[in-house]
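The listed protein sequences correspond, in order, to chains A and B. Per the working numbering, numbering of the first sequence is gapless, rising by one per residue and ending at 141. Per the working numbering, numbering of the second sequence is gapless, rising by one per residue and ending at 1447.
Among these hints, one or two may not hold up.
Pair ranges (Cβ atoms, derived) [claimed, not checked]:
| no. | chain 1 | residue 1 | chain 2 | residue 2 | range |
| --- | --- | --- | --- | --- | --- |
| 1 | A | Gly68 | B | Met1039 | 41 to 49 Å |
| 2 | B | Asn1015 | A | Arg29 | 50 to 58 Å |
| 3 | A | Gly109 | B | Asn1113 | 25 to 33 Å |
| 4 | A | Lys94 | B | Glu1188 | 31 to 39 Å |
| 5 | A | Gly109 | B | Ala1045 | 53 to 61 Å |
30 Å max Cα-Cα, derived DSSO-like pairs, lysine-lysine [as the list claims (entries may be wrong)]:
| no. | chain 1 | residue 1 | chain 2 | residue 2 |
| --- | --- | --- | --- | --- |
| 6 | A | Lys56 | A | Lys94 |
| 7 | B | Lys1365 | B | Lys1376 |
| 8 | B | Lys1193 | B | Lys1376 |
| 9 | B | Lys1084 | B | Lys1004 |
| 10 | B | Lys1009 | B | Lys1365 |
| 11 | B | Lys1126 | B | Lys1349 |
| 12 | A | Lys26 | B | Lys1378 |
| 13 | B | Lys1084 | B | Lys1126 |
| 14 | B | Lys1349 | A | Lys110 |
| 15 | B | Lys1207 | A | Lys94 |
| 16 | B | Lys1190 | B | Lys1126 |
| 17 | B | Lys1207 | B | Lys1193 |
| 18 | B | Lys1193 | B | Lys1204 |
| 19 | A | Lys26 | B | Lys1207 |
| 20 | B | Lys1004 | B | Lys1376 |
| 21 | B | Lys1197 | A | Lys110 |
| 22 | B | Lys1378 | A | Lys94 |
| 23 | A | Lys27 | B | Lys1204 |
| 24 | B | Lys1355 | B | Lys1365 |
| 25 | B | Lys1376 | B | Lys1009 |
| 26 | A | Lys56 | B | Lys1004 |
| 27 | A | Lys94 | A | Lys110 |
| 28 | B | Lys1355 | B | Lys1004 |
| 29 | B | Lys1084 | B | Lys1349 |
| 30 | A | Lys94 | B | Lys1355 |
| 31 | B | Lys1376 | B | Lys1355 |
| 32 | B | Lys1378 | B | Lys1365 |
| 33 | B | Lys1197 | A | Lys94 |
| 34 | B | Lys1126 | B | Lys1365 |
| 35 | B | Lys1009 | B | Lys1084 |
| 36 | B | Lys1126 | B | Lys1376 |
| 37 | B | Lys1084 | A | Lys94 |
| 38 | A | Lys94 | B | Lys1004 |
| 39 | A | Lys56 | A | Lys26 |
| 40 | B | Lys1004 | B | Lys1349 |
Derived from the structure by calculation, the hints contain no laboratory data. By construction, the Cβ of each residue, glycine as well, lies at the ideal position given by its N, Cα and C atoms.
Each chain, written out:
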Amino acid sequence: MRKTDVADAAGMQAFVVRVYNDMYAKKIRTMTRELRDELSEADGERLYGVLSTSMKNCVGIAARTRDGFFTPERMRAHVRNSLWTLSYWTELDKCPDPLVGDHGFERRGKFVAFVGTPEAEAALETAAIDAPDADEMELED
Amino acid sequence: MTIKADWIKILKRANTDAFTTRIPSRPYVAFIDGQIKLMCGAHVATWLQFFTAQFVGTIDQGFAAGAEVVVLGFDDYAFVPSAKNMTQIKRIKTAPPVEFGEHEELPQDFPDNWMDSIKNRAFKAKVITFVVCNVRRHYARETARTVIIDWRGPPEVIGRTIALPAMFAGEAAAAEAAAQAAAKMAWEAKAEKRAAKAARRAAKAAKAAAGAAAPATDYIDLTAGTESAGPTLNELNKSRQVHPNLQPALHWIQQARRTASDGAAMDCVPAAIQEAPPAVDAAPASAPLRRGECDTKAFSWLELGPMLLISTDGDYIPIALAQIERQGTTHEVYLHRMVCRSDGPGKRKPDGRPKREYEYANLNKLLSFIRAEFPKSKTPARTFAAMVSFCSMSLSLSKRVPALCAMCTHNSLCARSPSRGVISLKTCRPRARTNYGHSARSCARPT
Chain A
1 MRKTDVADAA GMQAFVVRVY NDMYAKKIRT MTRELRDELS EADGERLYGV
51 LSTSMKNCVG IAARTRDGFF TPERMRAHVR NSLWTLSYWT ELDKCPDPLV
101 GDHGFERRGK FVAFVGTPEA EAALETAAID APDADEMELE D
Chain B
1001 MTIKADWIKI LKRANTDAFT TRIPSRPYVA FIDGQIKLMC GAHVATWLQF
1051 FTAQFVGTID QGFAAGAEVV VLGFDDYAFV PSAKNMTQIK RIKTAPPVEF
1101 GEHEELPQDF PDNWMDSIKN RAFKAKVITF VVCNVRRHYA RETARTVIID
1151 WRGPPEVIGR TIALPAMFAG EAAAAEAAAQ AAAKMAWEAK AEKRAAKAAR
1201 RAAKAAKAAA GAAAPATDYI DLTAGTESAG PTLNELNKSR QVHPNLQPAL
1251 HWIQQARRTA SDGAAMDCVP AAIQEAPPAV DAAPASAPLR RGECDTKAFS
1301 WLELGPMLLI STDGDYIPIA LAQIERQGTT HEVYLHRMVC RSDGPGKRKP
1351 DGRPKREYEY ANLNKLLSFI RAEFPKSKTP ARTFAAMVSF CSMSLSLSKR
1401 VPALCAMCTH NSLCARSPSR GVISLKTCRP RARTNYGHSA RSCARPT
């Protein structure tokens, strides 16, 4: 992370790999040499794939944690989702349309879903775009 | 979006002086997140209580803090990005919203199931309209202070007039152009209706006049009256020759006859309500701003002066930090929020429920801290917001966020301050690094 900025796709992907690599250092075979230099986005995705496979195959990690671990495709989308949110927070009303371009969201019928989520999970993680039946409201953080 | 409170705890532990129970300096403008204020507790039992406690009380609180301008913001649903709807899922899952149609009126009595009712967007829109109308009336006589409603389109200024931020100049012009275009369309539709109505009246009147010659007729001939001296209005009234249904139209007929006798075009529309078609600018100055959610609208007002944000929504901290950095403002920005407990449970009410307490967070001080923690980053607040966003975006990921946050903390915030050690996100207390099972040297710094 020394030479990267988490506010772009490559930096955030590298950040994820480094964080998980550190977090599960005792459980999986860590990647020290690969993470020494600056990572491109493609490198980050590739290394996350390696990490993800190691995690899934590691019996020392709780099954629930393993099952909940994002697939490489889902993590890629998650990075995009996060960057879109960052763009929304900084550019406000001038931020790009989340459904136009590669922001990790996709339209499924009349729903918006995270890319990489299976249909069943998507049903839980989506909300109708045009159904004005419920609204976002945060009471507390 | 749901922001993990752990982030705020981390900030608070490292910046205790940035969180105070009293506002340290006087703001010029206070921004109230009206969406949050739409939520109310079970103690509210009437509409009056709701309006007074949630809105008048909060607006007056802004004035009491020293603000001269209080902005009451609401979401403009037309411009809320579709991706933002996804965080609604947990609320929809817990309880389905009540049924309420767009054309229904608000109930006379305050609903018992308020929290379910307010989930319905049509209901919520009606409630916002109710609030806006009453705020308008309540503060209409203000001369020294200003209340601004920032909901749909250009902001509405109530009370003392002030110069709005520059960004609204384009929006006002665009909105005016759009309003002009809409008014012209409405005028054209109205004119068509008028013409049709006039034709119908003329036909009826002709029929009535034709029958006037015959005894006991109910109708009058409008055109006959112009050619020969027809019966006057009084005569018509006296003779009761006009069908009762046509009585209200007598003045139209009289005017039409007068106009016809003057040689002018006959139109059964009184001159008083004949309007020229509204002028429409050929090209609007600019497109209207697409300001949707309240938390993004708030920072449009930052250029006016020192600001107080009144909201318990956790999004405000990363957004405010990013906006202060982006806009390069030197104005102080405070956030009035519920107390974040970083040192164990807070006070409790006699019934055992936690007592609601509030505090002011000085966002400029937090930004200074973030800048110090990310010295190599050109945009440290943006870097911090990226980390918060990453940990908050996905509902399923959030289950594992504390651990991830701990790593972020270890990597960034704490690595520079060995004396503080690593903060446990469970207890929010410093922990020995060895508890994490890796050396500090192996941790990279995000910059």
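Verification of the hints:
1. The hinted range of 41 to 49 Å is not satisfied by Gly68/A and Met1039/B, whose Cβ atoms lie roughly 31 Å apart.
2. Judged by the Cβ atoms, the range 50 to 58 Å given for Asn1015/B and Arg29/A is violated: they are separated by roughly 39 Å.
3. At about 30 Å, the CB distance of Gly109/A to Asn1113/B agrees with the hint of 25 to 33 Å.
4. Roughly 34 Å separates the CB atoms of Lys94/A and Glu1188/B, a value that falls within the hinted 31 to 39 Å.
5. For Gly109/A and Ala1045/B, the hinted distance range of 53 to 61 Å is not satisfied, since their beta carbons lie about 42 Å from each other.
6. Note on Lys56/A and Lys94/A: the hinted pairing is violated, with a Cα-Cα distance of about 40 Å set against a maximum of 30 Å.
7. Taken as a hint, the Lys1365/B and Lys1376/B pair is honoured in the structure, with Cα atoms around 19 Å apart against an allowance of 30 Å.
8. For the hint linking Lys1193/B to Lys1376/B, the alpha-carbon distance of about 68 Å lies beyond 30 Å, and the restraint is violated.
9. A distance of roughly 17 Å separates the Cα atoms of Lys1084/B and Lys1004/B; the hinted pair therefore holds under the 30 Å criterion.
10. For the given pair, Lys1009/B sits about 15 Å from Lys1365/B by alpha-carbon distance, which is consistent with the 30 Å threshold.
11. Annotation: proposed proximity of Lys1126/B to Lys1349/B is violated, straight-line Cα distance about 34 Å (limit 30 Å).
12. Under the criterion of a C-alpha separation no larger than 30 Å, the hint pairing Lys26/A with Lys1378/B is inconsistent with the structure, at around 34 Å.
13. Only pairs whose Cα atoms come within 30 Å are accepted, and Lys1084/B paired with Lys1126/B is accepted, the gap being roughly 22 Å.
14. With a CA separation close to 45 Å, the supplied pair Lys1349/B and Lys110/A exceeds the 30 Å bound.
15. Taking the CA atoms of Lys1207/B and Lys94/A, the gap is about 62 Å. The hint is violated against a cut of 30 Å.
16. For the proposed pair Lys1190/B and Lys1126/B, the alpha carbon gap of about 28 Å is at most 30 Å, so the pair holds.
17. For the given pair, Lys1207/B sits about 21 Å from Lys1193/B by alpha-carbon distance, which is consistent with the 30 Å threshold.
18. Between Lys1193/B and Lys1204/B, the direct Cα distance comes to roughly 16 Å. Compliance with the 30 Å bound is thereby established for this hinted pair.
19. A threshold of 30 Å between alpha carbons decides the hint, and for Lys26/A with Lys1207/B the separation of about 99 Å lies outside it, so the pair is violated.
20. Under the criterion of a C-alpha separation no larger than 30 Å, the hint pairing Lys1004/B with Lys1376/B is consistent with the structure, at around 25 Å.
21. Of the supplied pair hints, the one linking Lys1197/B and Lys110/A is violated, its CA atoms being roughly 43 Å apart against a limit of 30 Å.
22. A C-alpha spacing of about 22 Å is found between Lys1378/B and Lys94/A, which places the hinted pair at or below 30 Å, so the restraint holds.
23. Taken as a hint, the Lys27/A and Lys1204/B pair is broken in the structure, with Cα atoms around 93 Å apart against an allowance of 30 Å.
24. Taking the CA atoms of Lys1355/B and Lys1365/B, the gap is about 27 Å. The hint holds against a cut of 30 Å.
25. In summary, the hint linking Lys1376/B to Lys1009/B is supported, as the alpha carbons are separated by about 24 Å, within the 30 Å threshold.
26. Under the criterion of a C-alpha separation no larger than 30 Å, the hint pairing Lys56/A with Lys1004/B is consistent with the structure, at around 26 Å.
27. About 24 Å separates the Cα atoms of Lys94/A and Lys110/A, which keeps this hinted pair within 30 Å; it holds.
28. For the hint linking Lys1355/B to Lys1004/B, the alpha-carbon distance of about 21 Å falls within 30 Å, and the restraint holds.
29. Between Lys1084/B and Lys1349/B the alpha-carbon distance is near 35 Å, which puts this suggested pair outside the 30 Å criterion.
30. For the suggested pair Lys94/A and Lys1355/B, the alpha carbons sit about 40 Å apart, so the restraint of at most 30 Å is broken.
31. A threshold of 30 Å between alpha carbons decides the hint, and for Lys1376/B with Lys1355/B the separation of about 41 Å lies outside it, so the pair is violated.
32. With a C-alpha separation of about 18 Å, the suggested pairing of Lys1378/B with Lys1365/B holds against the 30 Å cut-off.
33. About 47 Å separates the Cα atoms of Lys1197/B and Lys94/A, which puts this hinted pair outside 30 Å; it is violated.
34. Only pairs whose Cα atoms come within 30 Å are accepted, and Lys1126/B paired with Lys1365/B is rejected, the gap being roughly 39 Å.
35. Note on Lys1009/B and Lys1084/B: the hinted pairing holds, with a Cα-Cα distance of about 25 Å set against a maximum of 30 Å.
36. Distance check on the hinted pair: Lys1126/B and Lys1376/B sit about 49 Å apart at the alpha-carbon level, beyond 30 Å; violated.
37. For the proposed pair Lys1084/B and Lys94/A, the alpha carbon gap of about 15 Å is at most 30 Å, so the pair holds.
38. Taking the CA atoms of Lys94/A and Lys1004/B, the gap is near 26 Å; set against the 30 Å cutoff, the hint holds.
39. For the hint linking Lys56/A to Lys26/A, the alpha-carbon distance of about 15 Å falls within 30 Å, and the restraint holds.
40. The hinted pair formed by Lys1004/B and Lys1349/B meets the criterion: a straight-line CA distance of about 25 Å does not exceed 30 Å.
Taken one by one, the earlier hints fail for this structure at numbers 1, 2, 5, 6, 8, 11, 12, 14, 15, 19, 21, 23, 29, 30, 31, 33, 34 and 36, listed in ascending order.
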